[in-house]
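**Q** Could you build all of it, start to finish, from the sequences and the hints given here?
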Amino acid sequence: MAVTISTFGEFSGARVDQFRLTSDTGVSVDIISYGVAVRDWRVPVAGGERSVVLGFDQFEAYPAHSPHFGSLAGRVANRIKNASFELDGVTYTLPANAGDLQLHGGAEGLGRQVWNGQVDNANNAVRFTHFSPDGAMGYPGNVNFAATYTLSGNRLRLELTATTDRATPISLVQHQYFNLGTTDTVLDHTIQVNSSAYTELGADLAPTGAILPSRNTDYDLRQPRTMRDAKGAPVDYDIGMVLDTGRRHGEPIATVLSPDRDLTLKLWTDRPGVQVYNGVWTDIPVPGLNGRTYGKHSGLCLEDQAFADAVHNPHFPNVIYSPDRPYSHWCEFEIA
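Under my numbering, think of the first position of the sequence shown as 40, with each following residue one higher.
Hints listed in this document are in silico derivations from the structure and should not be mistaken for laboratory results.
Just so we're clear, the structure is a prediction, and the values are computed from it rather than from any experiment.
A virtual CB, placed ideally from N, CA and C, is assigned to each residue, including glycine.
Possibly wrong hints are sitting among the right ones.
[Said to hold, decoys possible] Using C-beta positions, here's what the derived DEER-type ranges look like:
id	residue 1	residue 2	range
1	F170	P353	25 to 33 Å
2	T132	M40	41 to 49 Å
3	G65	N160	14 to 22 Å
[What the hints assert, rightly or not] Under the rule of at most 20 Å between Cα atoms (straight-line distance), these lysine to any residue pairs were calculated in the SDA-like manner:
id	residue 1	residue 2
4	K335	D277
5	K270	T229
6	K335	A137
7	K305	P106
8	K335	P106
9	K305	L244
10	K305	A137
11	K305	R261
12	K335	D275
13	K335	T265
14	K305	R286
15	K335	V319
16	K305	G220
17	K305	V325
18	K335	D257
19	K305	W369
20	K335	V325
21	K305	G285
22	K305	K335
23	K335	L244
24	K335	T229
25	K270	G285
26	K270	A375
27	K335	G285
28	K270	E290
29	K305	R196
30	K335	D322
31	K305	D322
**A** Listed below in structure tokens is the structure:
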């Protein structure tokens, strides 16, 4: 089906386009070129269709208020301790944007840039590209990034690549905020993740370097559960899960069921970890899609990624890429 393009806004003198992908199963996905953000994602349900992500109807809300709603995050997603790292004997100081940390690539990271979009009607896809110059947000290397979204039936696939002219850390993530239901929070969604361990966090929310077993903790999501404790109180999640190794290629790493059981989300990825975040810090002062209010626990993020702060933890999977080691990463969601 043909991809449609419209103008959604303007940012720093650049036009922000919206690309609408539709499928033969009735799914439609709107993606804007600002941050490659999935602005809306509508799925058929009994009696109509349902928006399953958090976003905004007007562009101006994105630069002013969006906590990476639906966008990409990088160059390095998640938290970097002390907003600095050492590479090949050189210390790189990054602009901090979360206390003493850098979060999601900084205040002007990839999720805050206007990308170039190119339609691929033959594959029902859009390919976005962005050039990040040496020194952007403190990172070394000239890097060419590409992100391709492809819609097939009820599945949305994201393929990410990057090439650099010198060694540099790269770890990208999609940052969808999902709400598969009809209420204002996701606490009664049922979630299951194929993970037996998590990366321990310090007081600053950066990993300590320890990888701990999740058994007998709230982070044990191997069996389906809601995001409430035994007494019904909310459980906050903002934690990096270590995905079990040896999983079958066709097996989703996470499954989420809406409270009314009308929709099920499945996620596949090639990444070693996933950040589970249920909107602990969400507090948006303006209306969201269809006039909805976005407060604490209003969305669930399943951010497939390398482990946070890998630049300070050499025993974590390597996030340093070079001309001889290009970056690639894929994930795929199904909501039906």
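**Q** Each hint needs a verdict: does it hold in this structure or not?
**A** To see whether the hints hold, each was checked on the structure:
no.: 1; hint: F170 with P353: 25 to 33 Å; in the structure: 29 Å, holds
no.: 2; hint: T132 with M40: 41 to 49 Å; in the structure: 48 Å, holds
no.: 3; hint: G65 with N160: 14 to 22 Å; in the structure: 19 Å, holds
no.: 4; hint: K335 with D277; in the structure: 12 Å, holds
no.: 5; hint: K270 with T229; in the structure: 16 Å, holds
no.: 6; hint: K335 with A137; in the structure: 18 Å, holds
no.: 7; hint: K305 with P106; in the structure: 23 Å, violated
no.: 8; hint: K335 with P106; in the structure: 12 Å, holds
no.: 9; hint: K305 with L244; in the structure: 27 Å, violated
no.: 10; hint: K305 with A137; in the structure: 31 Å, violated
no.: 11; hint: K305 with R261; in the structure: 14 Å, holds
no.: 12; hint: K335 with D275; in the structure: 10 Å, holds
no.: 13; hint: K335 with T265; in the structure: 16 Å, holds
no.: 14; hint: K305 with R286; in the structure: 15 Å, holds
no.: 15; hint: K335 with V319; in the structure: 5 Å, holds
no.: 16; hint: K305 with G220; in the structure: 15 Å, holds
no.: 17; hint: K305 with V325; in the structure: 30 Å, violated
no.: 18; hint: K335 with D257; in the structure: 18 Å, holds
no.: 19; hint: K305 with W369; in the structure: 14 Å, holds
no.: 20; hint: K335 with V325; in the structure: 14 Å, holds
no.: 21; hint: K305 with G285; in the structure: 18 Å, holds
no.: 22; hint: K305 with K335; in the structure: 23 Å, violated
no.: 23; hint: K335 with L244; in the structure: 18 Å, holds
no.: 24; hint: K335 with T229; in the structure: 18 Å, holds
no.: 25; hint: K270 with G285; in the structure: 35 Å, violated
no.: 26; hint: K270 with A375; in the structure: 30 Å, violated
no.: 27; hint: K335 with G285; in the structure: 35 Å, violated
no.: 28; hint: K270 with E290; in the structure: 32 Å, violated
no.: 29; hint: K305 with R196; in the structure: 12 Å, holds
no.: 30; hint: K335 with D322; in the structure: 6 Å, holds
no.: 31; hint: K305 with D322; in the structure: 27 Å, violated
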